[in-house]
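Mind the numbering: the sequence shown is residues 437 to 913 in the working numbering, read in order.
In case anyone wonders, no lab produced these hints; they're calculated from the structure. The C-beta atom is built at its ideal place from N, Cα and C for all residues, glycine as well. Please note that a few of the clues may not be correct.
Below are the SDA-like pairs computed for lysine to any residue, each with C-alpha atoms no more than 20 Å apart in a straight line [said to hold, decoys possible]:
#1 Lys536 - Ser461
#2 Lys536 - Ser453
#3 Lys536 - Glu509
#4 Lys536 - Thr514
Cβ pair distances, simulated, as ranges [what the hints assert, rightly or not]:
#5 Glu896 - Asp616: 51 to 59 Å
#6 Arg908 - Ala858: 12 to 20 Å
#7 Ala748 - Ala831: 47 to 55 Å
#8 Glu896 - Thr632: 47 to 55 Å
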Amino acid sequence: MADKNQIPDVLADRYASAAMAAIWSPEGKIKAERRLWVAVLEAQRNLGVEVPEGVVEAYRGVIEQVDLDSIRERESVTRHDVKARIEEFCALAGHEHIHKGMTSRDLTENIEQLQIRDSLRLVRDKLVAVVCALGRQADVHAELVMVGRSHNVPAQATTLGKRFANYGEEAQAALHRIEDLLGRYRLRGLKGPVGTQQDQLDLLLGAADGVAEPEQRAAAGVVELEQRVAAALGFGASMGSVGQVYPRSLDYDVVSALVQASSAPANLARAIRLMAGQGLISEGFQAGQVGSSAMPGKRNARTSERICGLSAVAQGYADMVAALVGDQWNEGDVSCSVVRRVALPGAFLALDGQLEAVLTVLEELVVFDDAVAAELTANLPALAATRVLMAAVAAGTGREEAHRIISEHVPKGGEFFSAIAADDRLSISAIDVEQIEGKLLALTGAAAGQARTLAASARELAAQHPEAAAYRPEPIL
């Protein structure tokens with residue numbers, strides 16, 4: 437019986453979507469393993485291995501009958517998880533024909549890769565949705581002028597749309613990496629205990645007994661067997677030469693790509709938290725929502741805080757997987773198992789939860805235009821400083837002297853422009869100062885254009901992937 441006090445998987449239960457959790461669930465994994473066993477058995481039968489009539493069908497008929505408690509009881513005796521699952525599946529089917537010529541890694545490596553591939557597809561689709569949502573925000577706010585900050589202090593004017601475009605372009609780069617990874621991701625295949633495929637060769641050699649050139653026939657059969665299994669799992673190709681396990685640097689390639697994908701949402705969330713603290717923006721406050729059990733008026737950007745936290749979780753898993761890189765013993769060992777069992781699902785669940793959260797934030801976002809304008813007005817001297825500096829230099833003032841003088845006037849706030857016009861040391865006419873002040877709010881450079889370029893790119897992406905672009909996040913806790 438399952439322990440009633442078992443600690444829940446917080447990432448799966450609280451943060452990730454049902455679709456991602458299903459890929460990595462114990463039931464989902466066992467069903468996938470059983471489908472692989474059936475695919476291998478069917479391919480072996482078609483290549484001449486003797487399998488009694490009705491056996492394949494018997495196995496196929498019980499794939500969905502998963503009893504985790506029964507499997508756990510078997511494992512308490514075998515102390516081997518794969519052997520326990522073999523025994524369970526055979527008991528349900530009433531036969532003992534699966535796993536012929538296979539080692540445990542022929543099962544687990546390929547299924548983990550299947551889970552990774554399916555999870556990468558889900559991540560790709562949600563990244564499409566994120567880019568499209570950022571594109572919509574960039575378009576709507578392309579010309580909303582606001583204080584641009586460097587080192588989190590006022591620097592120059594920008595637009596809110598450009599901020600969204602910044603994160604949208606970063607998300608696009610991560611999307612391209614995920615797509616590239618999916619395009620080159622190959623299955624390990626059936627390689628046996630040390631990667632030589634000897635057991636499958638022996639099995640097919642026995643099946644080729646009595647035919648011409650049995651060795652050649654068996655060798656060709658091993659290649660065809662692996663091709664059939666790869667096709668059954670939806671892979672176009674298998675790895676050519678690996679040992680018992682595939683290189684764990686390939687896992688790092690995957691998890692580091694997930695960390696890259698987490699960056700744009702985390703950068704956006706951090707910006708939202710900062711803007712929310714200045715009263716410029718809000719995640720929105722839904723009916724019945726409570727900001728604090730103690731403070732009735734609290735309205736913190738709690739989902740953005742979650743996004744940043746999940747980014748840290750994904751980075752932690754990347755560090756764990758990095759420790760496995762270059763640590764393979766000869767043809768392979770399984771000291772990596774405990775890390776991979778935690779880190780691979782964990783990294784995907786964390787990123788998925790983050791993407792769900794960022795889509796929710798972008799959907800419910802509220803911008804306070806009046807507050808944005810008020811902040812802009814309050815910081816005009818700082819935003820105008822570089823513009824005034826260029827005007828002073830053009831009028832003949834030395835750059836360093838002009839820099840020092842303008843710095844003296846910036847703290848004067850609303851009197852900044854009049855003080856600049858009255859300062860004879862700068863050689864700037866009152867008319868020039870007035871023009872600078874009057875045009876300042878329009879001096880956002882290419883910000884609006886950059887925002888609209890990102891928005892147009894997002895619309896093209898949506899046209900290519902309409903179903904992914906239309907994805908709506910699950911209700912958030």
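Hint check, failures only: Hints 1, 2, 3, 5, 6 contradicted; others consistent.
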